[in-house]
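Got chain A; can you put chain P on it based on the hints?
First to last, the protein sequences are chains A and P.
Those letters in the first sequence? Residues 1 to 245, by UniProt numbering.
Those letters in the second sequence? Residues 1 to 245, by UniProt numbering.
Which copy is meant is left open, so a pair is good if it fits within one copy or across any two.
Computed list of lysine-lysine pairs in DSBU-like fashion (alpha-carbon distance at most 30 Å, straight line):
id : residue 1 : residue 2
1  : K177      : K119
2  : K242      : K127
3  : K107      : K177
4  : K236      : K127
5  : K242      : K180
6  : K5        : K119
7  : K242      : K177
8  : K224      : K114
9  : K91       : K211
10 : K135      : K180
11 : K119      : K31
12 : K134      : K91
13 : K236      : K16
14 : K134      : K244
Hints in this document: simulated from the structure, not taken from any laboratory.
Residues per chain, in single letters:
There are 2 protein chains.
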Amino acid sequence: MRNIKMVVAYDGSRYKGFQRLRDNDMTIQGKLETVLSKMTGEEIEIIGSGRTDMGVHSHGQVVNFKTKFEDSIPKMQRYLYEYLPEDIVVKEMEEVDERFHSRYNVKTKTYLYKIDNNKFHDPFTRKYALHINKKLNLELMIEASKYLVGEHDFTSFASSKSKKKSNIREIYAINIKENKNLIEIYIEGNGFLYNMVRIIVGALIEVGLGKKKPIDIKEMLELKDRTKASETALAKGLSLYKVKY
Amino acid sequence: MRNIKMVVAYDGSRYKGFQRLRDNDMTIQGKLETVLSKMTGEEIEIIGSGRTDMGVHSHGQVVNFKTKFEDSIPKMQRYLYEYLPEDIVVKEMEEVDERFHSRYNVKTKTYLYKIDNNKFHDPFTRKYALHINKKLNLELMIEASKYLVGEHDFTSFASSKSKKKSNIREIYAINIKENKNLIEIYIEGNGFLYNMVRIIVGALIEVGLGKKKPIDIKEMLELKDRTKASETALAKGLSLYKVKY
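Extracted from the complex, chain A is given alone in its bound form:
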C-alpha cells in the first residue's frame, strides 16, 4: 500500500467543516474522499491532522490516505485539481513512509486569525476576516498574548464542549501583525482544545478594546474555569495555517 500525504487549502465558507457527516457531502473530508475514491476505484478514507469547524478555512491542512492506485503523484494531483471544487485545492502531494499518520505525528499546529479593523469592512476580506470597527490597541494585545505563551492549563480558554482528559497545552508563539488595518494573529502550539484559538482571540480582542487589561489574561489562565472563557470569535476569521511534523 502507498501512503500519500497532501497539504490542502480550502475556503471553508460553504462547508459544514472538515469532518465527514452522514448523508452529507458538504464537508471537506467528504469532497476529498469522493474525488479520491472516483480516481482510484477504491473506497478511500483520509486522515486529517484534526478537524476544522464549520466556516473555518485552511491554508495548510494535512491529510494522508492509503491506496494501491499506481498513478504518479503529478498525475493524481492534476486529477484532483480538475475534479475538486475551486474552493478546495491540493497544494502539495507526496508519497511518504507507511508509518506517517497525519494526526498522531503532529508536532505543532499554527492557526491564523484575521481581523479587519477598518471603520467599514473591506469587501475583499469579508469572508475571511472578522470585522471590528473600533480601533484595537495592538500593543496591549501583544502584551496580553505573552501571558499565554508557554505550557499552561487552558481550561479557561476551552469550550465547555471540550472533553479532553488534560487541558494542559503548550503555546510556542503568538505573533500579531498589522498591515493597512488588517490584523493577523498567528498562534503556534503543540495542540489546541475545542474552540481554544477562537476563545484566545476573543480574549485578545477584549484587551484590544480596553474591556480587559493584559494582566486579566494571566488571571483568567490561573482561574482554570471554563465559565470564565471570553466570547468565541467567529469562525470565518480562522484558518488552520500550517501543520509541522
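Chain P alone, transformed into the frame defined by chain A:
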C-alpha cells in the same frame, strides 16, 4: 444643493459592471442609486469617475451626487453601510464644492491587476486574481513595462471597441511587486482607453511567459495597430485602485 463625494470599494464578481443598465439592478451604480434615493426621498443620479466592466472590482472608485437631503455625513454613511449589500462599501464620504465632478476633474487613475502565480490556484484569491500556473519572469515584465511609461499613442493597446478621438494617453508609473507568488501590477495614468489596462497586462504576461521580448512592447506601441493588441486579461484580476483629483 449639497454635492457629496464618496469613495466606494466593491467586489465586482456578482455585478454587470459599474454603469446602470435598463431594467436591471445588478450594477454598482444601480445599487448605489437605489439606496441613495430611498434614503433621501429624491431621485438620485450619481456620477462615477468612469465605468468599470462586468466583474471588475474597486478599491477606490469615486462618485458624487447632488442632494437637498440634510442629514449629517456620518449619519448618511451609516445608513448606506446598513442598506448596501456587503460587497459594496462606501469607505469615505464628504461634502465638496458644488463644482466638483467625479469624471471631469480626474487627474490620475491607478488600476491594480493581480496575478496568482502559484502552481495551483490559491482558493482565497480565486475571485480577485488571474491564475497563471507557469512561472512568470518578473524582471522581464518590469523591463517591458518601462517602454509603456510616458506619453504614447496606445492604439495597439486598445480594444477595437474604443471610439475615442485620440488614443494618446500618459502613463505615469507601472509598479510590479510580488509576494508569496501573488503578483500585483499597479498602473497609474491620466486616462485609459477601453480595455487598455487589461491589454497591457495581457502583453506583460506574454513577456513574463517568454512569448514576447520586452523590446516587442516598444514595437507594438510604434505600430499603432489595434489588430496587434495582446489578449485582454480576464476582468476578475482587475481593480480600480485609486482616483486622484
